[in-house]
Amino acid sequence: MSRRGLMLMGQCMPCVKQNASKIRIRRMELDKNLNMYFKKDNFFFAHDPQKVCKTGDVVLIRELPERMTRLITHAVEKVVYPLGDITDPISGKKVVVGKYRDDIEMANELFGKSEKSFDYSKAPPRGRLEGTKDFTHGETYIKYHDDGKDQPFAV
Amino acid sequence: MNKLLNIAQAVPRQFVREYAFKSDLKIKWVRPEKIPCIKPEKSGDLSKLPPLNADDLLLEYKDCKELENADDTVKSLFKLTNNANHLTTRYYRDQMVKEVQRHAQDYGSMESKLANMTAIIRRYQEHMDKHPRDKMIKVRLKELIDKRKKFLKYLRRWDYPRFEWILEKLDLVYKPPPEHFHWITRKESLQKLTDTYCETLKEERLDAYHKELQAQKIPFLEDAIRKMEFIRKEQISCDIPLTVTEEQIEQSKKELAQLIEQREAAAAVTSKKQDEDSFN
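Residue numbers (the numbering used here), protein chains in the order written: chain A, 40 to 194; chain B, 20 to 299.
Just so you know, these hints were derived from the structure itself, not from any lab.
Because the structure is a prediction, the values reported are computed rather than measured.
For glycine and all other residues, C-beta sits at the position ideal for the given N, C-alpha and C.
There could be a bad hint or two in this list.
Said to hold, decoys possible - What follows is a list of derived Cβ distance ranges for each label pair:
| # | chain 1 | residue 1 | chain 2 | residue 2 | range |
| --- | --- | --- | --- | --- | --- |
| 1 | B | Q267 | A | P191 | 50 to 60 Å |
| 2 | A | G151 | B | K169 | 22 to 32 Å |
| 3 | B | T219 | A | N58 | 16 to 26 Å |
| 4 | A | E68 | B | I46 | 53 to 63 Å |
| 5 | A | K71 | B | K169 | 31 to 41 Å |
| 6 | B | P70 | A | M145 | 31 to 41 Å |
| 7 | A | M145 | B | K291 | 58 to 68 Å |
| 8 | B | I46 | A | P191 | 14 to 24 Å |
Work out the full structure, taking the sequences as your base and the hints as a guide.
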């Protein structure tokens, strides 16, 4: 293996491996015949024993000086953008699509905020519904066999 | 598989797979029953709409003072149960939106929209149970479910804490769509089942072999120490250059002691567990 310590940025994909995350690096490839760019995905397995990154997060990974296992060649450096929890790098404020969270909150206050409505400060960290209501941490498949057992990821 | 091996062993030439080859493994494939996409199991609705109260009034006349001391027959005219169906749907929609909306005027935010859709979907599902041949409602219901799923996908990407909150609040399940679509066929399913069968078989055999090797470890070490000591003694008595050092023997003994200690600890843990199980 090379000793470059190459850094790559990609998106975390659902992965069954215990201490690794599957990272998708998406690049555009020129098709010379059509003179058009097409998406091309490369998948890397990054060492991640604490499971820092969750499905959908944009993460930085660094190439390991030596291949750890047959598959694991990288290590997770840091989570740049957690999915659906984006911080604006310039102002350091949280963002939802095109608006700051503070602005949305301010508008709600002006209209008279409802008590039952969602409050960011009370929201627990992501992952409490995994396996009960939110099944995005794994890959789903079309159910092909009925063995009487519960298959949570079968669609 | 066995048949295949038998043939391969019996006939010296290379085994050729014939046309319409059938595996004689005892794998039984059960085709999963088709669940219509409008059913709550498929659409992801975990709970149903609350039952309607007998004295619930129409939305517009809920706080009407005139009705409070009106005649019973007049009152019954304004009850939900005595009015058109769509008014009950509207009542449910309003109730559900009020649970999640940001402020009293909010009907356009993502969570309000989702609550609104969920109320309609659950109402339509009730309707479909009663009238399974209503194709118009079926189409509308299907389209609504798909749209709600799309909105949930967007909300997840935009705002994860809110997405989780809304799933809990509306009691929904979100499963991402599978990567590729394919029809379920007997052949492909059997191939997959055979693969998993082979995989488990491999695991089992590897485990058994691992256990066997582990069991051989202690006798092997004991034997090795005895032999090394014997060789050393012989070499000293015959006055030939020594090939076995004291350190090597010591190290083997240490390894043996460690192994025995580990085994005893593991055995103690398992026996404790068994005791607890029997106690329970």
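Hints and how they fare:
1. For Q267 (chain B) and P191 (chain A), the hinted distance range of 50 to 60 Å is satisfied, since their beta carbons lie about 54 Å from each other.
2. For G151 (chain A) paired with K169 (chain B), a C-beta distance near 31 Å keeps the hint of 22 to 32 Å intact.
3. About 23 Å separates the C-beta atoms of T219 (chain B) and N58 (chain A), a value consistent with the hinted range of 16 to 26 Å.
4. Distance hint check: the CB atoms of E68 (chain A) and I46 (chain B) are about 41 Å apart, inconsistent with the given range 53 to 63 Å.
5. For K71 (chain A) and K169 (chain B), the hinted distance range of 31 to 41 Å is satisfied, since their beta carbons lie about 36 Å from each other.
6. Judged by the Cβ atoms, the range 31 to 41 Å given for P70 (chain B) and M145 (chain A) holds: they are separated by roughly 40 Å.
7. At roughly 60 Å, the beta-carbon separation of M145 (chain A) and K291 (chain B) lies within the given 58 to 68 Å, and the hint holds.
8. Range check, I46 (chain B) to P191 (chain A): Cβ separation about 23 Å, and the 14 to 24 Å hint holds.
Hint 4 alone, counting from the list given before, is not met by this structure.
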